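Protein chains in written order, with the numbering used here: chain V, 596 to 867; chain W, 10 to 238.
FYI, nobody ran anything at the bench for these hints, they're computed from the structure.
Note that the coordinates shown come from a computational prediction; the quantities given were computed from them, not determined experimentally.
Here a beta-carbon is modelled for each residue, glycine too, at the ideal position from N, C-alpha and C.
Where hints are given, some of them may not hold.
Said to hold, decoys possible - Covered by chain W, according to a simulated footprint, are these stretches of chain V (three or more residues, beta-carbon under 8 Å):
#1 670-684
#2 718-727
#3 758-766
As the list claims (entries may be wrong) - Chain V is faced by these chain W residues, among others (derived, beta-carbon under 8 Å):
#4 Ala-62
#5 Arg-63
#6 Pro-66
#7 Thr-97
#8 Ser-99
#9 Gly-103
#10 Leu-115
#11 Leu-168
#12 Thr-173
#13 Ala-176
#14 Thr-233
The residues making up each chain are set out below.
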Amino acid sequence: MNVVTQAVTAGGVVDIGWVQLLLATGFIIITGAISLALGLGLVKDLSIATVRTYVQLLALGIVLRWAFGFNTWWLVLGLLTVMVLAAARIILKRSPDAPPGLFATSALSMAVTGFIVTFAVTAVVIRIHPWWDARYVLPIGGMVLGNSMTGIALALERVFADLDGRSGEILALTALGATPWEAARASVITAVRAGLIPTINSMAAVGIVFIPGMMTGQILAGADPLAATKYQIVVMLMVSAATAVGSIMAVMLSYRRRFTADGVFLEKGARV
Amino acid sequence: MLLEASSLTITRPGDSGPVAVVSDASLSLSEGTLNDIVGPSGSGKTTLLLALARLLPDVRGELRLQGKAASEWSPQEWRTRVALLPQTSSMVPGTVADNLLLPYTLKVRHHGGAPSEAPSAPTADELRAALDQVGLADIALDRPSARLSVGQASRVALLRVLLTAPAVLLLDEPDAALDDESAAQVADMTREFVSARGAVVRVRHLRSDAEADALFRLEGGRLTEVTSR
């Protein structure tokens, strides 16, 4: 009892010692051993991913501790901008067949929806003061941007793959006088739906199959489960809205790049 | 003259930079004529048809339709008048009726006027009569397009193009994948279109019919008129 009491931090969370933290790697080592025994070829990927998890999350912890202490509006906006740019770069890597200009499109879509939704949650719903308080804005912004990034990446990857897969149909439609929008519409719908599937699935399963990460964190930190639930509902709905609007915006801003100004669909061989 | 193409040079991206696939090609199409273009595989016949339909980037030269320069037509209006039937007849998901009525759902049909002034879509009876005319009387209008054979889809695609009432019809190997009976029906539809004062450009692999009014040969990127009536 005493030991536990000593390990509880000011925030109410039972702290994990550094040795215990390293012990968590034990399960990864077991997975690596299974991979070696079965020849799955996962050891390198698992090792890199584990090291990245340690490095990136510890760096995040240090940056957040510093940001919460410093807590100025320009620092909060600056960190959100860095998060947006990093996410746009990841989206670009996931869409190898995408046309040029996707970085700006992804960054703009995430920035517009992410910033609006994050500040709507913190300033209007939770009503924190000041409206840019790093302790609220950065974690919520991270959740909104992270989910938007997944949705936008899925939607963009799908829209170009679908357009390419429908090139024969698009030629037939264009030859009948269809505008790029009329020819691409089916692919746009498919792509936006693909971007929203993970969000809709998690909304369907939340509370029944899993307890969301934010709610888990708040409960572990000693918050009342009902208060944590209210936060989670707000965040989940806002994240879903940001993902939906971000995916729609990114797809609408980018599908046209597969067409010339005259509405000609650019097949693989004809792209610059 | 219905359609005139002067000094068309078409470049496509190649392995080591742009390559001129067709160079300095010119042709003129009069009303009520059937024009065949023959040439070996890869000679640029399909590329030339795509350029005539304004469905290619990087085309130099001049195109005129009914005396007006290409720039005086919107690309979409041009394509409804110079209609291309691609070699692979792609059906959109949906029924046979959805495919036949597709042109009427496109914005270009309503361009420049109120919806009430747009051409009215054919009725179900008219669509059935059109199907009957091309030997597809046994195809129900609500049959899913995915369940059509290649030959049936070719004829439905040709009907779909004809329903837009184009001035020029560009046919890319229209009978390449058809049995003799289907090919004969497509040839009948083509003749009927020509007799209604349309102009047809038909690309074929090597052979041409004696019925063609003009025969062009495309080889090594050069278009030459072989015979003309």
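We went through each hint and held it up to the structure:
no.	hint	in the structure
1	670-684	violated (count 0)
2	718-727	violated (count 0)
3	758-766	holds (count 3)
4	Ala-62	6 Å, holds
5	Arg-63	6 Å, holds
6	Pro-66	5 Å, holds
7	Thr-97	5 Å, holds
8	Ser-99	4 Å, holds
9	Gly-103	10 Å, violated
10	Leu-115	5 Å, holds
11	Leu-168	12 Å, violated
12	Thr-173	6 Å, holds
13	Ala-176	13 Å, violated
14	Thr-233	27 Å, violated
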